[in-house]
Structures are given as structure tokens and as C-alpha cells.
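S.K.: Listed below are the residues making up each chain.
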Amino acid sequence: MNAPTYNFAYLDEQTKRMIRRAILKAIAIPGYQVPFASREMPMPYGWGTGGVQVTAAILGPQDVLKVIDQGSDDTTNAISIRKFFGKTAGVETTTSTTDATVIQTRHRIPEAPLHAGQVLVYQVPIPEPLRFLEPRETETRRMHALAEYGLMHVKLYEDIARFGHIATAYAYPVKVNARYVMDPSPTPKFDNPKMDNCPALQLFGAGREKRIYAIPPYTTVVSLDFEDHPFTRYRFDAPCALCGAADSYLDEIVTDDKGGRMFVCSDTDFCEQRQAAGHHGALSAAPHKEKAHV
Amino acid sequence: MSELSRLDNDQPLLVAEGLAKNYGQLAACRDVSFSLYPGEVLAIVGESGSGKSTLLQLLSAQLAPSAGCVSYRMRDGVLRDLADLGEAERRFLFRTDWGYVHQDPAQGLRMAVSAGANVGERLMAVGWNHYGRIRDTASTWLERVEIDVGRIDDAPKTYSGGMRQRLQIARNLVTEPRLVFMDEPTGGLDVSVQARLLDLMRNLVSELGLAAIIVTHDLAVARLLSHRVMVMKGGRVIETGLTDQVLDDPREPYTQLLVSSILPP
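Listed in order, the protein sequences are those of chains A and B. Every number in the numbering used here is 553 more than the matching position in the first sequence, counting from 1. Every number in the numbering used here is 227 more than the matching position in the second sequence, counting from 1.
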């Protein structure tokens, strides 16, 4: 069903062409932040206006859309963006990672491996990895242009000096295609290795900051580190309480005020698929109770 | 090696020819020419508004001259016009072979990151990628500028003025530059701290064989640190010569006035 007063996928065709040109440029220069004329969207900044514009520009009638927020398909942000495109583009939506052709994400990369032909669209709040050390935009642009990235290591140095290890746990800086240093949006660093040599196209949209950048399929993505403090992933040392997965990224959920807590997969689709396949965790007494009234 | 360095010392490190800078009608700097040799310390003295700082900015390629040129002998021994260097080369020069000590340490330091990272930044910028080695080098340099190594993880905003200035010097010298520009390095410090800083700078300059260009209005600083003095007035160099010669036997009336205005000890 296409809402009659809107163009397909909400944005007008001229805007989509402008965004597509920015996307093409971003793909041609992996990791480079391409400025674009970000539009007002019918949602506040910070809710994924950049990601929504990128999705709107690449969506076709045959696409199958999945939207996740912190790995979850059923939080407010994910549901409202999914509904938005269901209404304005009439595309099929799904929660399955493997069935989707376009996945818009906030802060996670799905656990299930992505395959060729898929597009992962990230919502990015602050695209500039050097921002917190160098507040001047003119200066950071020059630093990117001249590949002066010593400052990025200053941040990692500070982490080690203060905490004894690289304490940056999300938005962990990466070097794309051995050239541009990039902020992978606030995904946990657990997900960083998934970006390297990924068969899917990865697009990043920052609506407020008006930047689009990209990692083309099968591109080298290296997390920055020191020789004597190499990059490590981080994960709570527990299996998922619902599906028992020992290799997925976990959310910590406080269950009472006596210190009780449980760890569950942050990727709800991954967790549900595993439960459906018969995997159980310590607390999965009624795994499909919620699913009953979908 | 020795032949090369002997060759180096015979040739100027930095050559300024007919440098001028106009701001509209105002000629901030007029027809300045000189050569600076490796290991030589040159002081530029003069009152406020005489064009000292403008000249320093011209020499360090932070400002484009209205006329004239500055050439610098690169590490490969070739004398090159700074205006012909690409921006990348110029910036590389600035953070490896040159140092720049600002009057206000807040301009030369990252006030919110630790002292260790401040000193290590230049090393990381030239590709050092080993935390332990960066930290060791930073500690060594903090010791050399007489900062307690126990404060390596403190941010310079917790440091006193004198410590900040010494930290700024360490940050600049860590890549072993051959030329250091200093803009009023002792400005705003009290007399005893100044004395300590001057003593430290004099030792470092002679130990490392640094060439330095020091802008100052304080003739005592010039006398203590420099081999040669240039006196500026109204954008022109009015007198130049060996430090003791200029300060003990000034020729120009203005220099005589400057020298006589120092209170006798």
C-alpha cells in the first residue's frame, strides 16, 4: 500500500538522485565522508534521519527491509522506521537477517553472516572519528586529506594510560582500505571484525552532520591498535540466558533490585532463530510466549 | 657521516631573502634578509608592534609573505623554498624537523589529554605504534625537562605555568628537530621560574645542537640564550650582530635606548 500523498519511499526523486550520487562517491572512495544535502525527515535528529534517507534512496519495490535498533527488531525506533517504509514504499518487511535485502541498523551488525547482494545501512550520530580531540572541522578535513592520523592513536594512548587497556568499547576507529580512518558509528567493538572483507555493501548516513560514507563489499577494514596492546573484542563472559549462545553479543538486563541480572543476545532475530531450532538457555522456560501474539 | 655533517654546518639551515608582509597600508615587516646556520641561536628583539611575531610566522611558513622568500635545508641537504613545498610536506616538516614553542602553552599543548600523550603525539604522527616505547620516550623527555615522571598521566591543565612551558618544549623536541621557533617562551612566568626555564633551554640547545629563533622583548633572555641578535623597529631590522656586541656596544639610537632601559642589577 502506497500512501497516496507521498512519493515512493517518502523522498522526492530529485532528493534521491542527490543522495544516490553521494552514495556512489562514497563507494568510490571507501571510508571518505561525502557531504550531502540532508533533508528534514518526519522524525527528530538522533532517531536515524541519516539512515532513513540512505534507505529511502536505495529502496526498490522488490526489496525486503529489516530494521534493527541495538540488535532488536522490536524497539520503538525499529518498529516506527519499519512501519514508515511499509507505509510510504509498500515494501515487504521482515525480521530475518538472511531474508532481508536492505537492513537498516542502529548500533549493531547482525550475528548471522551477511551475504552478497545485501546492503547494511547504519545510522550515524557523529561521523567524525577525530572530533573529540580536534574540534575544528577545517582541521579534521585537512587531516583526512593528508592522512594525518597520529591523533587517533593519542586517544587510544589516553585509554591505556588511564585504564590499562584500550577502553573504547564502541565507535572504535577503523582504517578502511588502508587509507581513511572511519568511525563505524556506535557499534560495539565486538562487531568491528564483521566489517572486514564483508560480502555486503555497508552504507553510513549521518543526517544531522550531513555526511554519507561507505565500505564497499570485500574491503579491508582494520581496527586501530598498538603493537603491544592489540585490538580485542569484548563480550560478557556468559551464555545467552534464552538461547544459550556462547558467541553472540549480549545485553545485560537487570531483573530485580537485589543484584539479579540476566544476559541475553542483543540480536533478537538470532536468538529467536536459535530457540526455534531447539537451543535453550538457563532462563528460557517459555521461549515463544511473546511470539504468540504477533 | 662526519663529512656530511661538516658539510651541513658550513651551509645555512634557513635563508630569508627580502621578506615583507603588508596588512593593507600597514607594513608589518619590511625587507628582512638573513641566514641561520645549524646550531645557531638567533634572538629577534624589539618592542611590541615592531613586527617580531609577524616575522616568526613568516619564517615558520604559517603566513605567506607579501614579498621575498624563505628557504630551508631539508634533511636530504637540499635547500628548498618553503612556498614551493606542498601542504603535506610543510606540515610534516612542522611536526618532525621543526618545533614551535608558543608564548601561551594552551596553544601548543592539548590541554585535556595527559602529558604523556602530549609528548607522544608527534611520535604517533610519524608512525610509532608501540605503546610501551612511546611511553618510555615520553618519560625520558619529562625527566629531561625536569617534570616529575609521576605526573605523566596528568593533563597539562593541572600543571603550573612553568611546567606547562617545559612540557611544551618536551613535546616539540621529542622528534629531534633541527630548528625550533620560540615566541616569547618566558612570557608570563615569574622571575625564578624564568631563570630555571632559561637554564634548561640553554642546556638543551647546546646538548642537542639545535638551531633556534627566539622572539623576545626581554634582552636578558637574548643575552642568556642567543649567539646573534636582530633588533627590529617598525617592521625593519635596524641592527644585527653578535649578542654581546649588540648589547654591550649598541650602535643605533633605538638599540641604545632599549639597552639603557634595563634596570641595573
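Keep in mind the hints are simulated off the structure, nothing from the lab. A few of these clues could be false.
Example chain B residues on the side facing chain A (calculated, C-beta under 7 Å, incomplete) [as the list claims (entries may be wrong)]:
(1) C296
(2) G313
(3) A315
(4) Q334
(5) S341
(6) G343
(7) V376
(8) D380
Examples of chain A residues lying across from chain B (beta carbon under 8 Å, computed) [as the list claims (entries may be wrong)]:
(9) R573
(10) G717
(11) H718
(12) F779
Cβ pair distances, simulated, as ranges [as the list claims (entries may be wrong)]:
(13) G461/B with I679/A: 38 to 44 Å
(14) N356/B with Q615/A: 43 to 49 Å
(15) T651/A with K384/B: 48 to 54 Å
(16) G276/B with P746/A: 42 to 48 Å
(17) A581/A with E373/B: 30 to 36 Å
(18) D308/B with I679/A: 39 to 45 Å
(19) I679/A with C296/B: 38 to 44 Å
The structure displayed is predicted, hence computed values, not measured ones. For each residue, glycine too, the CB sits at the ideal point set by N, CA and C.
S.K.: Need the list of violated hint numbers for this structure, in ascending order.
M.R.: 1, 2, 4, 7, 9, 10, 11, 13, 16, 17
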